[in-house]
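> Below are the chains, spelled out letter by letter.
Number of protein chains: 2
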Amino acid sequence: MRRTDYEVFDLGDFALQSGTTLRGAKLAYKTHGSLADDRSNAVVYPTWYSGRYWENEWLIGEGMALDPTRYFIIVPNLFGNGVSSSPSNTPPPFDRARFPHVTLYDNIRAQHRLVTERFGIERLRLVTGWSMGAQQTYQWAVAYPDMVERILPFCGSPRTSDHNKVFLEGVKAALTADTAWQRGWYDTQPWTGLRAMARVYAGWGFSQAFYWQERWRDLGYTSLESFLVGFWEGFFLDGRDANNLLAMLWTWQRGDVGATPGFDGDTERALASITAQAIVMPAQKDLYFPPEDEEWTVSHLRQAELRIIPGVWGHFAGGGLNPEDTAFIDAALKELLAR
Amino acid sequence: MRRTDYEVFDLGDFALQSGTTLRGAKLAYKTHGSLADDRSNAVVYPTWYSGRYWENEWLIGEGMALDPTRYFIIVPNLFGNGVSSSPSNTPPPFDRARFPHVTLYDNIRAQHRLVTERFGIERLRLVTGWSMGAQQTYQWAVAYPDMVERILPFCGSPRTSDHNKVFLEGVKAALTADTAWQRGWYDTQPWTGLRAMARVYAGWGFSQAFYWQERWRDLGYTSLESFLVGFWEGFFLDGRDANNLLAMLWTWQRGDVGATPGFDGDTERALASITAQAIVMPAQKDLYFPPEDEEWTVSHLRQAELRIIPGVWGHFAGGGLNPEDTAFIDAALKELLAR
Chain A
1 MRRTDYEVFD
11 LGDFALQSGT
21 TLRGAKLAYK
31 THGSLADDRS
41 NAVVYPTWYS
51 GRYWENEWLI
61 GEGMALDPTR
71 YFIIVPNLFG
81 NGVSSSPSNT
91 PPPFDRARFP
101 HVTLYDNIRA
111 QHRLVTERFG
121 IERLRLVTGW
131 SMGAQQTYQW
141 AVAYPDMVER
151 ILPFCGSPRT
161 SDHNKVFLEG
171 VKAALTADTA
181 WQRGWYDTQP
191 WTGLRAMARV
201 YAGWGFSQAF
211 YWQERWRDLG
221 YTSLESFLVG
231 FWEGFFLDGR
241 DANNLLAMLW
251 TWQRGDVGAT
261 PGFDGDTERA
271 LASITAQAIV
281 MPAQKDLYFP
291 PEDEEWTVSH
301 LRQAELRIIP
311 GVWGHFAGGG
321 LNPEDTAFID
331 AALKELLAR
Chain B
1 MRRTDYEVFD
11 LGDFALQSGT
21 TLRGAKLAYK
31 THGSLADDRS
41 NAVVYPTWYS
51 GRYWENEWLI
61 GEGMALDPTR
71 YFIIVPNLFG
81 NGVSSSPSNT
91 PPPFDRARFP
101 HVTLYDNIRA
111 QHRLVTERFG
121 IERLRLVTGW
131 SMGAQQTYQW
141 AVAYPDMVER
151 ILPFCGSPRT
161 SDHNKVFLEG
171 VKAALTADTA
181 WQRGWYDTQP
191 WTGLRAMARV
201 YAGWGFSQAF
211 YWQERWRDLG
221 YTSLESFLVG
231 FWEGFFLDGR
241 DANNLLAMLW
251 TWQRGDVGAT
261 PGFDGDTERA
271 LASITAQAIV
281 MPAQKDLYFP
291 PEDEEWTVSH
301 LRQAELRIIP
311 GVWGHFAGGG
321 LNPEDTAFID
331 AALKELLAR
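Here the protein sequences line up with chains A and B, keeping their order. The UniProt record's numbering applies: residue 1 is where the first sequence begins, and numbers increase by one. The UniProt record's numbering applies: residue 1 is where the second sequence begins, and numbers increase by one.
By construction, these hints were calculated from the structure, which means they are not laboratory data. It cannot be assumed that every hint is accurate.
Here are a few chain A residues that face chain B, going by a calculated C-beta distance under 10 Å [what the hints assert, rightly or not]:
{"no.": "1", "residue": "His163"}
{"no.": "2", "residue": "Lys172"}
{"no.": "3", "residue": "Gly193"}
{"no.": "4", "residue": "Pro290"}
Straight line, CA to CA, 25 Å or less: simulated SDA-like cross-link-like pairs of lysine to any residue [what the hints assert, rightly or not]:
{"no.": "5", "chain 1": "B", "residue 1": "Lys165", "chain 2": "A", "residue 2": "Gly234"}
{"no.": "6", "chain 1": "B", "residue 1": "Lys334", "chain 2": "B", "residue 2": "Gln277"}
{"no.": "7", "chain 1": "A", "residue 1": "Lys165", "chain 2": "A", "residue 2": "Gln277"}
{"no.": "8", "chain 1": "A", "residue 1": "Lys165", "chain 2": "B", "residue 2": "Gly234"}
{"no.": "9", "chain 1": "B", "residue 1": "Lys165", "chain 2": "A", "residue 2": "Phe94"}
{"no.": "10", "chain 1": "A", "residue 1": "Lys165", "chain 2": "B", "residue 2": "Asp37"}
{"no.": "11", "chain 1": "A", "residue 1": "Lys334", "chain 2": "A", "residue 2": "Ser40"}
{"no.": "12", "chain 1": "A", "residue 1": "Lys165", "chain 2": "B", "residue 2": "Tyr144"}
{"no.": "13", "chain 1": "B", "residue 1": "Lys165", "chain 2": "A", "residue 2": "Gln213"}
{"no.": "14", "chain 1": "A", "residue 1": "Lys165", "chain 2": "B", "residue 2": "Lys334"}
{"no.": "15", "chain 1": "B", "residue 1": "Lys165", "chain 2": "B", "residue 2": "Thr103"}
{"no.": "16", "chain 1": "A", "residue 1": "Lys165", "chain 2": "B", "residue 2": "Lys26"}
{"no.": "17", "chain 1": "B", "residue 1": "Lys165", "chain 2": "A", "residue 2": "Lys334"}
{"no.": "18", "chain 1": "A", "residue 1": "Lys26", "chain 2": "A", "residue 2": "Gly184"}
{"no.": "19", "chain 1": "B", "residue 1": "Lys165", "chain 2": "B", "residue 2": "Arg240"}
{"no.": "20", "chain 1": "B", "residue 1": "Lys165", "chain 2": "A", "residue 2": "Ser40"}
{"no.": "21", "chain 1": "B", "residue 1": "Lys26", "chain 2": "B", "residue 2": "Leu219"}
{"no.": "22", "chain 1": "B", "residue 1": "Lys165", "chain 2": "B", "residue 2": "Lys334"}
{"no.": "23", "chain 1": "A", "residue 1": "Lys165", "chain 2": "B", "residue 2": "Thr21"}
{"no.": "24", "chain 1": "A", "residue 1": "Lys165", "chain 2": "A", "residue 2": "Ser40"}
{"no.": "25", "chain 1": "B", "residue 1": "Lys165", "chain 2": "B", "residue 2": "Asp146"}
{"no.": "26", "chain 1": "B", "residue 1": "Lys165", "chain 2": "A", "residue 2": "Lys26"}
{"no.": "27", "chain 1": "A", "residue 1": "Lys334", "chain 2": "A", "residue 2": "Ala259"}
C-beta: ideal position from N, C-alpha, C; glycine also.
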């Protein structure tokens, strides 16, 4: 269900790392809570691959770490997600297959303008996010170290690993194998491709043990096939546009904090430059952001703790579906915010 | 490169578990070595998903466990692999999209006829195989317990797990998203779909750490993309037919020794009925036959040892590409054969 209760920050003509200017660029965002008079209570919580701002709200609530009665929580929408500027909502000539390539750094630069220009915020108590939201979290900490006090990236990495790129190649190949995709110039969605993409994703999103234990029953499904159709195909048919998905996939595949200006591709140096306190939370059985990768990340951070989310939910441990995983993440957020 | 140095066992009108009769069914096989006068030195080594008999030969050789100077090694081709009866080589009306569904039990029943009728063999020293070859190994041991003395299934399971089924759904969806597939009635291969399938497979076949360590360099590739095209797309374009791949995929998804007549779907009882000595060898980082699944298998076998193939090659630890993994498997085969 599409929601419209968001605000828009007009970026004007926004020059991208690629060299293209995204004219009339729009960063859509949603806020929760009130900004304190001294502007000291701001949190940024970016969206994930294909996620929209309302799909972040499971981690926000009174009594939770992200408590809108205490914090001013800004949820910026990733470019390409269909709410911020995207292939699906940009007028010609930069619409659909011609939507320019946007990097994670471009996203964070836009979010930085929102935070500083619209709200006059100079310090962020916390940046946190799931998956590509975690990647944006790292990108924030590298691009604006003096501004970011704490980070809690969950189920995401500062650099998209080669295996992760390959997994995404499979996803992309399935979507674009559908002739109805028409290289992005479709008038109706390539439904077969979207459903194929969903089935490819299904094996990656949850762990082997999740399926062995039939934990999809926890989500109210009564057979494996009904889960594949109801959850996975439903997920990718829920207002998600093929060109948008491909645009965000491009962003994801190129994710690397080393690509931040000034670091010349040196990911390790970029990580070492982070001054924020960090709790880094991969999920135990995440198949595309495996914990071993985040061990590597933490080894390059100054003050970071690796805290693995236990259990069988794999990548979707960070998706808000399993109350135990949500409680585990929330507890870590509380602890980090209290430091 | 297609080879033709194989023999054919004519099964005649071969009734399948599905109820369909595969008329003029042909089981293609290749033998290595000579059958002893007392017929006591036979080994069966079935092929894997999409593999042809010549792609098993890396594990056969003088001085190796599968030594053709000592053993009579029979390599039967899986139905659907393009050498035995398959969609691509069966005359109308059971050709292409109408090729009947074949189970692993059907395969083993056909192989049993070959072994007993053509060669008069009553005991098998060993059945071994990789992946779907491992699944056939288990199926042999359940269907003909009095005949199978030893089994060494590597990187495969007695029952296709739900996660494995889901992984295959993704593979299938990518292939069939290509409109050129035409529900199996193509005149030329659906190339886009085959390449999409290859890219989906690429993330599953090797582990995350394999890609992190760029172990594709061991195989002579100079970039990740050249590995995806050269190895993976090349793999699925190498004489592999879309309908054949779908036929074998059907067989794989339904793999379950519990479906052997007499066990009424009870996989655990079927496993407990195995009398063969077993060394069960999953690969440490296999993403679709993970070691934890084979721990479960071994817990239901009477006399079995779990011996995990270490390292980062994932499922393809059993594919003969990495000399260390091959040596590890070979050593276990020698040990088992010496018992």
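> Now look at each hint and say whether the structure bears it out.
Verification of the hints:
At a threshold of 10 Å, the smallest CB-CB gap from His163 (chain A) to chain B is about 4 Å, leaving the interface hint in force. Here the hint on Lys172 (chain A) is kept, as its CB sits about 8 Å from the closest CB of chain B, short of 10 Å. At its closest, the beta carbon of Gly193 (chain A) sits 5 Å from a beta carbon of chain B; the interface hint therefore holds under the 10 Å criterion. Taking 10 Å as the C-beta contact cut-off toward chain B, the hint placing Pro290 (chain A) at the interface holds, the least distance being around 5 Å.
Distance restraint check for Lys165 (chain B) and Gly234 (chain A): the Cα-Cα separation of roughly 19 Å lies within the 25 Å cut-off, and the hinted pair is therefore satisfied. Annotation: proposed proximity of Lys334 (chain B) to Gln277 (chain B) holds, straight-line Cα distance about 13 Å (limit 25 Å). The suggested pairing of Lys165 (chain A) with Gln277 (chain A) is violated, with an alpha-carbon distance near 28 Å, which exceeds 25 Å. Note on Lys165 (chain A) and Gly234 (chain B): the hinted pairing holds, with a Cα-Cα distance of about 19 Å set against a maximum of 25 Å.
Restraint check for Lys165 (chain B) and Phe94 (chain A): the C-alpha separation of about 40 Å exceeds 25 Å, so the hint is violated. Distance check on the hinted pair: Lys165 (chain A) and Asp37 (chain B) sit about 55 Å apart at the alpha-carbon level, beyond 25 Å; violated. For the suggested pair Lys334 (chain A) and Ser40 (chain A), the alpha carbons sit about 17 Å apart, so the restraint of at most 25 Å is met. Between the alpha carbons of Lys165 (chain A) and Tyr144 (chain B) the distance comes to roughly 45 Å, so the proposed pair goes past 25 Å and is violated.
Taking the CA atoms of Lys165 (chain B) and Gln213 (chain A), the gap is about 14 Å. The hint holds against a cut of 25 Å. Distance restraint check for Lys165 (chain A) and Lys334 (chain B): the Cα-Cα separation of roughly 39 Å exceeds the 25 Å cut-off, and the hinted pair is therefore not satisfied. Restraint check for Lys165 (chain B) and Thr103 (chain B): satisfied, since their Cα atoms lie roughly 15 Å apart, inside the 25 Å limit. Under the criterion of a C-alpha separation no larger than 25 Å, the hint pairing Lys165 (chain A) with Lys26 (chain B) is inconsistent with the structure, at around 42 Å.
With a C-alpha separation of about 39 Å, the suggested pairing of Lys165 (chain B) with Lys334 (chain A) is violated against the 25 Å cut-off. Note on Lys26 (chain A) and Gly184 (chain A): the hinted pairing holds, with a Cα-Cα distance of about 22 Å set against a maximum of 25 Å. For the given pair, Lys165 (chain B) sits about 21 Å from Arg240 (chain B) by alpha-carbon distance, which is consistent with the 25 Å threshold. For the hint linking Lys165 (chain B) to Ser40 (chain A), the alpha-carbon distance of about 50 Å lies beyond 25 Å, and the restraint is violated.
Our distance criterion of 25 Å between C-alpha atoms is broken by Lys26 (chain B) and Leu219 (chain B), whose separation comes to about 35 Å. A threshold of 25 Å between alpha carbons decides the hint, and for Lys165 (chain B) with Lys334 (chain B) the separation of about 33 Å lies outside it, so the pair is violated. Of the pairs offered as hints, the one joining Lys165 (chain A) and Thr21 (chain B) is violated, with about 45 Å between alpha carbons and a cut-off of 25 Å exceeded. In summary, the hint linking Lys165 (chain A) to Ser40 (chain A) is not supported, as the alpha carbons are separated by about 38 Å, beyond the 25 Å threshold.
Straight-line distance between C-alpha atoms of Lys165 (chain B) and Asp146 (chain B) comes to about 31 Å, which puts the hinted pair past the 25 Å bound. As the CA atoms of Lys165 (chain B) and Lys26 (chain A) are separated by approximately 42 Å, the hinted pair breaks the 25 Å bound. At roughly 31 Å between alpha-carbon atoms, Lys334 (chain A) and Ala259 (chain A) are farther apart than 25 Å, so this suggested pair is violated.
Of the numbered hints given earlier, the model fails hints 7, 9, 10, 12, 14, 16, 17, 20, 21, 22, 23, 24, 25, 26, 27; all others are met.
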